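Spelled out from the first residue to the last, the chains are:
Number of protein chains: 4
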Amino acid sequence: MLRGLTNAGLGALKNDEHLMELASQYSFDSVDLDANSLVSRLGKDAANERLQSLGLTVGSIGLPVEWRADDQKFQEGLEQLPKAAAAAQALGCTRCCTYILPSTDHAAAHFMALATTRLRQCASILAAFGIRLGLEFVGPHHLRTQWKNPFIWTLEETLDWIQAINEPNVGLLFDAYHWYTNGMTVEDIARLSPGQIVHVHINDAKDVPVEQVLDNDRLYPGEGVIDLAGFLRGLHRIGYQGPVAQEILTPSQPEDSPEDLAARSKACFDQVFTAAGIE
Amino acid sequence: MLRGLTNAGLGALKNDEHLMELASQYSFDSVDLDANSLVSRLGKDAANERLQSLGLTVGSIGLPVEWRADDQKFQEGLEQLPKAAAAAQALGCTRCCTYILPSTDHAAAHFMALATTRLRQCASILAAFGIRLGLEFVGPHHLRTQWKNPFIWTLEETLDWIQAINEPNVGLLFDAYHWYTNGMTVEDIARLSPGQIVHVHINDAKDVPVEQVLDNDRLYPGEGVIDLAGFLRGLHRIGYQGPVAQEILTPSQPEDSPEDLAARSKACFDQVFTAAGIE
Amino acid sequence: MLRGLTNAGLGALKNDEHLMELASQYSFDSVDLDANSLVSRLGKDAANERLQSLGLTVGSIGLPVEWRADDQKFQEGLEQLPKAAAAAQALGCTRCCTYILPSTDHAAAHFMALATTRLRQCASILAAFGIRLGLEFVGPHHLRTQWKNPFIWTLEETLDWIQAINEPNVGLLFDAYHWYTNGMTVEDIARLSPGQIVHVHINDAKDVPVEQVLDNDRLYPGEGVIDLAGFLRGLHRIGYQGPVAQEILTPSQPEDSPEDLAARSKACFDQVFTAAGIE
Amino acid sequence: MLRGLTNAGLGALKNDEHLMELASQYSFDSVDLDANSLVSRLGKDAANERLQSLGLTVGSIGLPVEWRADDQKFQEGLEQLPKAAAAAQALGCTRCCTYILPSTDHAAAHFMALATTRLRQCASILAAFGIRLGLEFVGPHHLRTQWKNPFIWTLEETLDWIQAINEPNVGLLFDAYHWYTNGMTVEDIARLSPGQIVHVHINDAKDVPVEQVLDNDRLYPGEGVIDLAGFLRGLHRIGYQGPVAQEILTPSQPEDSPEDLAARSKACFDQVFTAAGIE
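Going down the list, the protein sequences come from chains A, B, C and D.
Number 248 in the numbering used here belongs to position 238 of the first sequence; there are no gaps in the numbering.
Number 48 in the numbering used here belongs to position 38 of the second sequence; there are no gaps in the numbering.
Number 82 in the numbering used here belongs to position 72 of the third sequence; there are no gaps in the numbering.
Number 243 in the numbering used here belongs to position 233 of the fourth sequence; there are no gaps in the numbering.
The list treats identical chains as one, so a pair stands whether inside a single copy or across any two.
With a straight-line Cα cutoff of 20 Å, these simulated PhoX-like cross-link-like pairs (lysine-lysine) come out:
no.	residue 1	residue 2
1	83	93
2	83	54
3	93	54
What the hints contain is simulated information worked out from the structure, not anything from laboratory work.
Every value quoted in this text rests on a predicted model; they were computed, and no experiment measured them.
With the rest of the complex left out, here is chain A (with noise of 0.2 Å):
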């Protein structure tokens, strides 16, 4: 497995150069960015160059279309999708995620109608670029009332949903936190095959009731109370061998500065990974 790092948890960087730099400085194997930003900055060869210099690899670009509101919005955000796709598939990543609220305004029936056809035709296009599209399901139990009609948010109805869409380059966005606020075990984990998994977020939680586990109060890896051991090791058990990235939401940015809190990532990644038995 790959270590990765994104923004989230790295208080204030000054840009994705400042991320890729400090993912290198402490030992870390993959950033997820803007790929388009970066090919755009520096042109495709130079970027790869610099990733390279780095040792780093990028591992996911954000999906840059919205699904959940108007037609006219999706259509806007599918007009900016192959360029991005394009610009993730210079840089060698094969990875776009996108998260799923656990609640809508919407009508819940016609919008997951709606929402199949927009997200197949996202993969579609992603697919013709090489890369896959990785749905996240979101497990916080406030968020299931959050907006007016429950949606969805348990594997098994992300897996229903991934079936439903019926493209092979779609699979899921695996985050320890909507794990552990699921409510599940090692074994749900051991029950995937490594094909499904797109791509792996990482994080903690506080010591409250599950029920109570808020989205964006996360905690560093270890600091707090999931198996993360388990659910590292539950992943590798499978054969996954993709990026495991930290995604640390939390109510305000932290006041550290960037380098120490990559510092504290790289700590709490030695400690989980370490506690897992994986190198």
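Please build the complex by placing chains B, C and D on the supplied structure of chain A, with the hints as guidance.
Just chains B, C and D now, kept in the frame of chain A:
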């Protein structure tokens, strides 16, 4: 357009042979029935000869798969589907239909995902036998709250679902009753293309406020308040040339003889087709 | 059916505006042109006003994606497609077409697999903008051996390919020239349904043995030997209501003025539509 | 990885029970057999108990559908498929495989389109029962010209075809013999992900020029010239954890007893797995 009969509205029919005889006697063009049963009873060749001698085609078969319950039930139905499809194909029938209940006890979004996959699988099998799948949206208001969660019931939602299912052989079963109870107009029909319509049902509604119209309390064409002339003209104008089959669901079976009900059906068809100016 | 013009057959047109003016002046209903270029030049609103004031719609755009070469070329085209589709949609155009060369220098089976994926991806993007993709089979015999390996050129093969592509918005561009050079009859048209036809081309062929008919040596409708009255009647009977666009490919550009050629085109359309008994 | 047996290479087996007993006796983990026949013979529960008591799982069933001939033959097979899939599912089997002949008497491009549709329909049915479809590319050179037109035989072509089929449950049957006869290396395996591989065959080739290797003249693993240690290590490194099943096609049935052949198979497996450093 072809004038069609189903057994709904013909009272105590003895069997499909009875339906076929009455359809032929009263100058209908098509009948909706269980093709597999007919082929099993007569054999393929004799069944076709019988249909031909009666001047009839088979309009549509019903989808013999329960896609609204659990996986096991669905799989059991799926095992029957290729045979049913082969029988329909053997009789020259190119349509298979099912209806969509406007509410559900399942979680709506998850059920939409599951049902999308299941209907795609049905459609895929039907396609192998040259058969299209028609989905009937169901308009009566009382059914929208009959089960726990609202599902879908409008034309627009159904077209969006058909796009989500994403199999080229899926379209609408367009029923005058659901057109009426959804408050739709002739202009809504004009926006359709004939390729979107797999099959058509015709029947009429009582003169009560539209919110109070009951699904199983239908009238014969022309005996109620639906603008069936407009309905037929609308379909004719966009180029629809398939069957228009009567389906009169009633609280209890009509007491008149099937012969009388068939004669009444013919008179009703004559009336509304004449009013529409269609031969 | 709508009478349509393309720029093929109108000689030295100055630009699309010229095409539009002549189409309007000679009572055509639709023009095939580059929607993106028109929208870029005039803006969406002015473009629509211009079309409306001329009594025109846009029949079809051409697929701006090279799907017959390598992946890079294809991806570059794909990056342009959403914008082109959005422009077509902005003008109310619902058709996008491409043609199939009857032979190829690629290994035929592998190229069929690649092209299936590529056209599906194109179709998926077009669907997001409400646009259908029309595939034109190409009949002239000399093209069947023009490149190393035979590909496909018949109606049946093309319908089978459309089924393999498996996107609901893909259908035929049905061209009278290819109908003729494939030795097809009016009965072959009767077996189609209007939903299978995205777009229609009309033109005529010289009185030479059908095996010697050249793809780029076409005549104006009615000036050759194709049974265009039967062709149009066949399409009308199955309920086709879309555009029938003239496309006169010739060895060199006609020397007559665009005005004269447009007048001649109108006279030709009048003749064949009258012969077909269609207003 | 699981060590698996098929009946190819065990000589004059009496029946599937015989295969199962020998597989168990010689410490194999899985057998490839006709699940439907086993379930029909013993019933679902007894069949599962028998497998469990023997320490076996069912690796894969063969696709019981002839997709290379005409529509009628295909449809007849399709009628059998749901039952076969249900039987496999009842035994916990998640794989169904078929092979691709490298040449064909059909027109290659048209046949590719037809076969794409047919295999998609098979895959869709299998998906309803939780089963994946493995496609085996076939490398021996003599088969590339065995029939009139070249079809496909390389890994790359097969992956492109799998993308054209576009069902998420379709992947490769990866056979060491076809890897070897296509001149592939361990690096080619490293480029795959485990989700792309449905099933694996192992066997060995005679020491003749690779162009002369015959498809039905195979050796037991380790008795020939294929780098099976590299093959297995490559699969292990990418995380493949499924069955590796022996399939020894020979010009005539081996004369040794099934017991001797099973013992020899075990010794061969021990040798190549040890050489690969895999337990």
